[in-house]
Structure formats: C-alpha cells, structure tokens
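Visitor: Listed below, chain by chain, are the residues.
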Amino acid sequence: MLSRGNRIIPAVAIAGFVLWAHLGSGLPVFRPHVSLEPDWEQFRAAYHVNDFGEDGHFVRAAQNGYNVFFFTNKYASRFTRKTSTDRTNACASCHSPEDMAYGFVNSDRFDAKLGRRVSFEERIMRCFAGPMDGFVPTLYDPTVRDLRIFARAVAHHLQLGEGASKGETRPSLRHR
Amino acid sequence: MLIFGGLYWLTVQKHAERDQLRLAAVDLTPSCKEKLQGYSLAAAEHYRSPYVRKMNGAWSTVRGYSEEDVRAIQRGCNIVDDLQGHLAKSGSRERWHGDRFVRGGQTTCVHCHQGVGDKQDAAGNRLVGSNNLGASWVMADMYDRFTGMLLPHEWRQMQCYINSSNGFKPNAADDLLRDVTAYSRFLAAALDLKIGNRYPEQGMDEITAAATLRRGDDYVRGAYVYRQKCATCHGPQGFGKVVQGQVLYPALAGPESFSFDSRMNFAKIDTVTPGFICRNMPLGAEGSLENQECRDIAYYLSTLPRPAGDRQGPLVAVWEQLMMIVMPPLMRYAESIGSNGTPQEASH
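Protein sequence lines correspond, in order, to chains A and B.
Position 150 of the first sequence, counting from 1, maps to 150 under our numbering, and the rest follow consecutively.
Position 197 of the second sequence, counting from 1, maps to 197 under our numbering, and the rest follow consecutively.
Keep in mind that the hints were calculated from the coordinates and are not lab data.
Careful: at least some of the hints might be erroneous.
As the list claims (entries may be wrong) - Some chain B residues judged to face chain A by a derived CB distance under 8 Å, without partners named:
| hint | residue |
| --- | --- |
| 1 | 68 |
| 2 | 69 |
| 3 | 142 |
| 4 | 143 |
| 5 | 182 |
| 6 | 188 |
| 7 | 192 |
| 8 | 193 |
| 9 | 194 |
Claimed, not checked - Lysine-lysine pairs mimicking DSSO-like chemistry, simulated, CA-CA at most 27 Å apart:
| hint | chain 1 | residue 1 | chain 2 | residue 2 |
| --- | --- | --- | --- | --- |
| 10 | B | 89 | B | 241 |
| 11 | A | 113 | B | 14 |
| 12 | B | 54 | A | 166 |
| 13 | B | 54 | B | 33 |
| 14 | A | 113 | A | 166 |
| 15 | B | 241 | B | 268 |
| 16 | B | 169 | B | 268 |
| 17 | A | 166 | B | 194 |
| 18 | B | 241 | B | 33 |
Built from N, CA and C at the ideal position, the CB exists for glycine as well.
Build out the structure end to end from the sequences listed, making use of the hints.
Guide: See the structure below:
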C-alpha cells in the first residue's frame, strides 16, 4: 500500500503532464486545433472553405492541408529532406491550389508513362519520393488525406466536375 | 528457401493473373450494358455525356477516357451489379473474387444502390434518396456522423463489406474498391455533378421520428405492414428470394442479411432504413408508404435474428446464431396455425 503522499505524487505528475502537453508543449500531437499559418484566414475566405462542410472537421483537415501544401518542410518533415533553406521546399513551390484541384478531378486515370492507372494519393506519394527528395507516406496518412481534402475544397470552390480541364473549360466562381 | 521460393512464385503468378484481368475485355452484365451504352462510354480524348445534353440542352465536354480507364469503369459497374459473379462466365474471378469479402451468397451493391448506383425515373430524373454512387463520390471525404471521421469513398465501401455484407475489409488499394470508385467517378462525370455539392439523390434521405405524426414506432404494426407490402418479394421471414442461383430479392434477416453493425439496422440508426424503404420500396410503387409505416417496418426488421457485428461481442453472436437456427421453424409453425388453432399448410 502506498502512503498518502506517495499516492499524490503520481497523480500530480500525470496532471502536470496533461497540462504541459495541452498548454505548454506546443507539440501538434497534443492539440486539437491546427496551427494558424500566415494568410490562412484570407485563403479560407477567398476559397469559401467554410461552404464545404458544415462542421469544423472538414475545415480543420483543409487547414492542415493548406499548411502541408504551403509549408511542407515544416508540416510534413517526416516525408521530405527539404529544409527552409532549399529553394523548392513545399508543394506550393511547383503547384498552385488550382493545380491541385484540377489534378484531383483528373486523377485515377491511366498514365501511359507508368503503364497503369494512377490515383491522386499515389501522385502525392510520388511527389514526396521524387521532387521532395523524401519518403513515401502511406495511403492512410493524414498528410495525404488532408492534401486531398485541400484539393477537394478548392475544386468545390471552382465548381469542378470529374475530368474538368483547365485549358478548355472556364468554370465560374461560386459566390454566395 | 523452398517455401519462400514457392510463395514468391505464387505471388508472381497472382500478379500476372491480375494484369491479365486488367487487360481483358469486360463482359458486361445486361444492366451495365444498358447503363454504360446510355452514357456513351467509350475510349476517346474527350467525353460528352448524352444525359447532360438531354437534361440541360447543352453538351458538357470533359477529359475522355483511355481504354484502361473504360475497362476499370466497366468492371466497377459489373461489381456493383453482380458482386459475386453470378452473371459472369468465370464467376467471381471477373469480380476480383469479391465473394472473399462477404459472407453468404446473396449480397451485391445494387440491392441498396438501385439502378446500378444511378436510379432514375422514366424521364431521366434522378430520384431523391436513391443512394446514387456518383453523388456519393462528390461528397466523399466529408465528416460522417455515424463513424465520427472524415470518410473517404474507399473507406465507405469497406464499411459496406464489413457491415452491410457482414463480411471482411478489402485493402483500400484493391482493384475491387478502385474499380467501383472509377465507376462512381464516371457516373459523376456522366451526370455532371460538381465536387462537394450536396445532391438530393445522395444517401438515403433519412426519416426521423419528427417526420411522422409521432404515434411512436411499433414493430407489431411493422410486422403487419411487412406482411402486406413486403413479404411477397422478401419472404414471410425476410430471407429473400433466390431462383436458380439468381437473387431476385435480397434477404432482410437471417444469415444472408446485413449485420447488427450495419446502418440498415434500425436499432443502431433509426433514420436510415425508413428513408430507404420510403424512397425505394416497394419496387414499382415507390413513395406509396407513409413515413410511420416505413419506421414501423424498419423497427420490425431490426427485431428479426441476423448476424452480430464486431461490436456486439461473442455472446450476442452465439445467441443470434442460435436464433437463426431455432426461429425459422418456429415461425413457420406459427404461420401455419390458423385462427382456430389447428395447423394449416405453410405458405413459406
């Protein structure tokens, strides 16, 4: 049997750890919210992210996708060797959000170079392995999922349908 | 070394078989042939949907499909229409052996996703709450309140296999799921659906208790309505109707039916099945049932024995297995008893 003092010490330690984890650690894994990066609020307003999804879950995922897209070396550091000193260190170095949206609605198509059908998720994996000089995330990784959801949010804003082509169709922006 | 070498050889053979299947011409089911011909699916640089032309009066041109894409879409349609390969020459091989992931011999996607996932009336209007697969695709990745997660299209399909088919989960990258996704995406293109828009044909158009006169749900009343409206097709005990190996009407109870974990189980979610019944049943007379009748029927169905899901535990599973053995003969006997208490010939 532990004495009263010995019982209190573990309880205080656990409570202290929980408070530190949530309030003081700054580690994303302990926080329910996504880090606010510059220009997110402007992006959110400009692309009507709130229109897509009537709850916070989708917006949080889209925001994390935004962070990964524009600050890849910071938010997907596990999957890239690129650092802030590299000239191309983020998805946004090569792509625009619109590129992602058009890429999404044209994914799951046959790629003659690879000789098979390639999904949007595999494109992301190949980007991490190739241009990002890094490692392949799994299909289930939140990094892949949130980039897809980011692309979905932009595609919704542009009101794209399956197979929409950037050069041939001019989708009207959706305003409410 | 021999064992590992043998396994490696087997794996290479299986991959080669898959590649052959991907390259093979697809033998469409009659429903898929009609559906895909109606939408003019063919390999070309551009795709223009005749449905959009008919409904909107103008062509919509999008990126076309390669021959590989067309075959994937065709296979996906076949899987939706005939998951277990009852209509295929080589059986489930042409469906990526989809029967590995389901228990029982009846289940296929089209039971819930009627019209091969794209149910329309005679004028071509897509029907409210008809579980359209194209509309599901454009709304994929959204928050799902039943699972509490952002649900990708492939994961939703996995849930269908686990719960609605009382089976097992295919891999997210399995051809079985990818081909159905390809077909769903093609439907979205053919119907000109836009990413992220909520369309009335998506999902079940759920019916809450608030949509009734609030008399309360009653499974006895449900049993009565079931016998009047549903038993002719689905059987007096809900075991479905199979003729010469072809599933004419799916089982709603018993070992061939969906599990307790399915969203179709009224005891789990009390709005989905009533919505499905009211919008899609009885075939040919859709919309003829009152909201309360649909809720009562769904309640009654949830009281019938069926496979336990993962969440019920082994005791419930054993109990349900026992009930599925004991109840059918008892029910037949009860039905055979006339009003004077003397046994009559059962209709089952």
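Visitor: May I ask which of the numbered hints given earlier this structure violates, with the numbers listed in increasing order?
Guide: none
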